[in-house]
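Enquirer: Based on the provided sequences and hints, a complete structural model is requested.
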Amino acid sequence: MLRMNPTPSIVEFCKILTSLFKMKHYPTAISLSNQLQFNGIMPDIVTFSILINCYCHVGHMTFAFSLLAKILKLGYQPNVITLTTLIKGLCFNGKVKEALHFHDHVDAHGFHLDHVSYGTLINGLCKNGETRAALQVLRRIEGKLVKPTVVIYNTIIDSLCKDKLLIDAKDLYSEMIVNGVSPDVVTYNSLIYGFCIVGQLKEAFDLFHEMPLKNINPSVYTFTTLVDALCKEGKVKQAKNVIAVMMKAGVEPNVATY
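Be aware that the sequence shown starts at -4, since it is given in my numbering, and climbs by one per residue.
Honestly, the hints are just simulated from the structure, not real lab data.
Mixed in with the good hints there might be a few duds.
With a Cα cut of at most 27 Å, we get these calculated DSSO-like pairs of lysine-lysine [as the list claims (entries may be wrong)]:
| # | residue 1 | residue 2 |
| --- | --- | --- |
| 1 | 230 | 243 |
| 2 | 65 | 92 |
| 3 | 92 | 122 |
| 4 | 227 | 159 |
| 5 | 139 | 92 |
| 6 | 142 | 165 |
| 7 | 65 | 17 |
| 8 | 209 | 235 |
| 9 | 65 | 10 |
| 10 | 10 | 92 |
| 11 | 235 | 139 |
| 12 | 90 | 157 |
| 13 | 92 | 197 |
| 14 | 243 | 159 |
| 15 | 65 | 165 |
| 16 | 90 | 10 |
| 17 | 19 | 65 |
| 18 | 122 | 17 |
| 19 | 197 | 243 |
| 20 | 232 | 243 |
| 21 | 197 | 142 |
| 22 | 65 | 122 |
| 23 | 197 | 232 |
| 24 | 139 | 165 |
Expert: If you want it as C-alpha cells, here you go:
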C-alpha cells in the first residue's frame, strides 16, 4: 500500500491497523505504523490510540506513554478510551500502583474518566490485593458525575469477601442499595461465598433466601458454594436438601457440585 500512487490516506491505514489489532497482530500493526512515519505519513489521534493499545497488549508501557507524550506535544487531547487503555495496560502488566498514580495525574489535570476507566482501575487493584486502595478510588468517584455501576460494587465486594472482610462487604452491599444500585446474582454469590469460607452459614443462607425476594435466581455457583460449605462441616443431609432444591429450581448440577 505504501508503494501505491497516490498513497492511501491515513484513514485507510487506520482501518488496516484496526483490523490487525482486532486479529491480535500487535507487532505487525506497530511495524506498519513505523513504516508510515518513515515514509512521511503523519499519524493522527486515531492512529496513536490504536498504537497505544498495541503497545499495552505486548507489555511495552514505556513506548505507550511516549506516544501519549507525543499526542500532548502535537496539541491533541487524549480521549477517555486512550486513558482507560493506559490504565488497563498498567494493571494488566502488574503495575497497579503506577496505574493509581496515573489516575491521580490525569484527574489533577482535568481529564475526565468514565465508569469504565474507574472499573478498570478498581478491578486491577482488587486483583492485585489492593482492596483498600480500590475502596479509596470508589470514594473519590463520589461527588463526580460518574455513578458507580453494579460491576464496580461487585468487584470490591468480591475482593472484600475473599479477604474475609465480611463486615465491610456487607456494609458496601447496603450502601449500593441506598445509592440506587440493585445487587445481582454476582453480588449475592460473592457474599454467600464470603460467609461460607468463614463458617457463618446462617448468614450465607439468609442471603440465599433473600435472593428470590429480589427476583434474583440462584446460579449453579450459588448452590455449589452452599453444598461445599455444608459438606465441609459434615452436614451431608442438609447438603442433599440443597441439591434437591437446586434440581427443583431447574438448575443443573456440575462436577463441582458433587
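Enquirer: Each of the hints needs a verdict: does it hold here or not?
Expert: Hint check:
With a CA separation close to 20 Å, the supplied pair residue 230 and residue 243 stays within the 27 Å bound. With a C-alpha separation of about 23 Å, the suggested pair residue 65 and residue 92 falls inside the 27 Å cut-off, and the hint holds. Only pairs whose Cα atoms come within 27 Å are accepted, and residue 92 paired with residue 122 is accepted, the gap being roughly 12 Å. As the CA atoms of residue 227 and residue 159 are separated by approximately 18 Å, the hinted pair is consistent with the 27 Å bound.
A distance of roughly 22 Å separates the Cα atoms of residue 139 and residue 92; the hinted pair therefore holds under the 27 Å criterion. Under the criterion of a C-alpha separation no larger than 27 Å, the hint pairing residue 142 with residue 165 is consistent with the structure, at around 20 Å. The hinted pair formed by residue 65 and residue 17 meets the criterion: a straight-line CA distance of about 24 Å does not exceed 27 Å. The hinted pair formed by residue 209 and residue 235 meets the criterion: a straight-line CA distance of about 25 Å does not exceed 27 Å.
At roughly 21 Å between alpha-carbon atoms, residue 65 and residue 10 fall within 27 Å of each other, so this suggested pair holds. For the hint linking residue 10 to residue 92, the alpha-carbon distance of about 34 Å lies beyond 27 Å, and the restraint is violated. The hinted pair formed by residue 235 and residue 139 fails the criterion: a straight-line CA distance of about 49 Å is larger than 27 Å. Distance hint between residue 90 and residue 157 is fulfilled; the C-alpha atoms sit about 21 Å from each other, no more than 27 Å.
Only pairs whose Cα atoms come within 27 Å are accepted, and residue 92 paired with residue 197 is rejected, the gap being roughly 38 Å. Among the hinted pairs, residue 243 with residue 159 is inconsistent with the structure: their alpha-carbon atoms are about 32 Å apart, more than 27 Å. Proposed proximity of residue 65 and residue 165 is contradicted: the alpha carbons are some 45 Å apart, above 27 Å. At most 27 Å may separate the alpha-carbon atoms for a hinted pair to count; residue 90 and residue 10 exceed this at roughly 31 Å.
Among the hinted pairs, residue 19 with residue 65 is consistent with the structure: their alpha-carbon atoms are about 24 Å apart, no more than 27 Å. Only pairs whose Cα atoms come within 27 Å are accepted, and residue 122 paired with residue 17 is accepted, the gap being roughly 25 Å. Distance restraint check for residue 197 and residue 243: the Cα-Cα separation of roughly 22 Å lies within the 27 Å cut-off, and the hinted pair is therefore satisfied. As the CA atoms of residue 232 and residue 243 are separated by approximately 17 Å, the hinted pair is consistent with the 27 Å bound.
For the suggested pair residue 197 and residue 142, the alpha carbons sit about 33 Å apart, so the restraint of at most 27 Å is broken. Proposed proximity of residue 65 and residue 122 is contradicted: the alpha carbons are some 31 Å apart, above 27 Å. The suggested pairing of residue 197 with residue 232 holds, with an alpha-carbon distance near 16 Å, which does not exceed 27 Å. Under the criterion of a C-alpha separation no larger than 27 Å, the hint pairing residue 139 with residue 165 is consistent with the structure, at around 24 Å.
When the structure is compared with the earlier hints, violations turn up for hints 10, 11, 13, 14, 15, 16, 21 and 22 and for no others.
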